[in-house]
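Engineer: Since the structure of chain E is already known, use the hints to place chain Y on it.
2 protein chains.
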Amino acid sequence: MTGLISDLSILRYTPAGIPAVEFKLMHESTQNEAGAERQVACEVCCIALGDPAVALSTRMDGCRLKVKGFLAARNMRYRSSLVLHVTDYGE
Amino acid sequence: MTGLISDLSILRYTPAGIPAVEFKLMHESTQNEAGAERQVACEVCCIALGDPAVALSTRMDGCRLKVKGFLAARNMRYRSSLVLHVTDYGE
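Which chain is which? The protein sequence lines are E and Y, in order.
Each residue of the first sequence is one higher than the one before, counting from 1 in the working numbering.
Each residue of the second sequence is one higher than the one before, counting from 1 in the working numbering.
Any given hint might turn out to be false.
To be verified - Computed list of lysine-lysine pairs in DSS-like fashion (alpha-carbon distance at most 30 Å, straight line):
1. E:68 - Y:66
2. E:68 - Y:68
3. E:66 - Y:68
4. Y:66 - E:66
Don't read these hints as lab results, they were simulated from the structure.
Next comes chain E alone, as it looks inside the complex (with noise of 0.2 Å):
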């Protein structure tokens, strides 16, 4: 998924040391769906651990980004709520 940060997160640590960052993918495309051509936009949580939370760290609002990851929801209690884990990314 592509898209451009938003309100991205200094760097911190969990508990266990490891570094994360979190920041919101403001996503903008054209689908096909149903035959026909759509514009799509959301806004993704995104989170990232370890070495991608210390390189996107540096970067900055409003860059454009590519990411790779897996859906989870934010906290067991709102399972429909969903964060994108970041596990690649490119420009």
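Structural biologist: Same frame as chain E, now just chain Y:
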């Protein structure tokens, strides 16, 4: 993404006459992040339009499903409320 179907809606038609069905996908998996394996769970709101909708409307809650598609905001006001638009599916 794979998961179990939940809250499958009845088949409806959009004002433009396109078949549509909504459901939740109860996802659980093991993912690798920052060099460690972790258990992941989330509930993804899904919508299918067109032929996929007609086919998926015959499924039952609790069925296992593998889906492909794109993330979009539920509406332009709440851009962080995400819906997975299913464009392809399998067992």
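Engineer: Run through the hints listed earlier and report the numbers of any the structure violates, in increasing order.
Structural biologist: none
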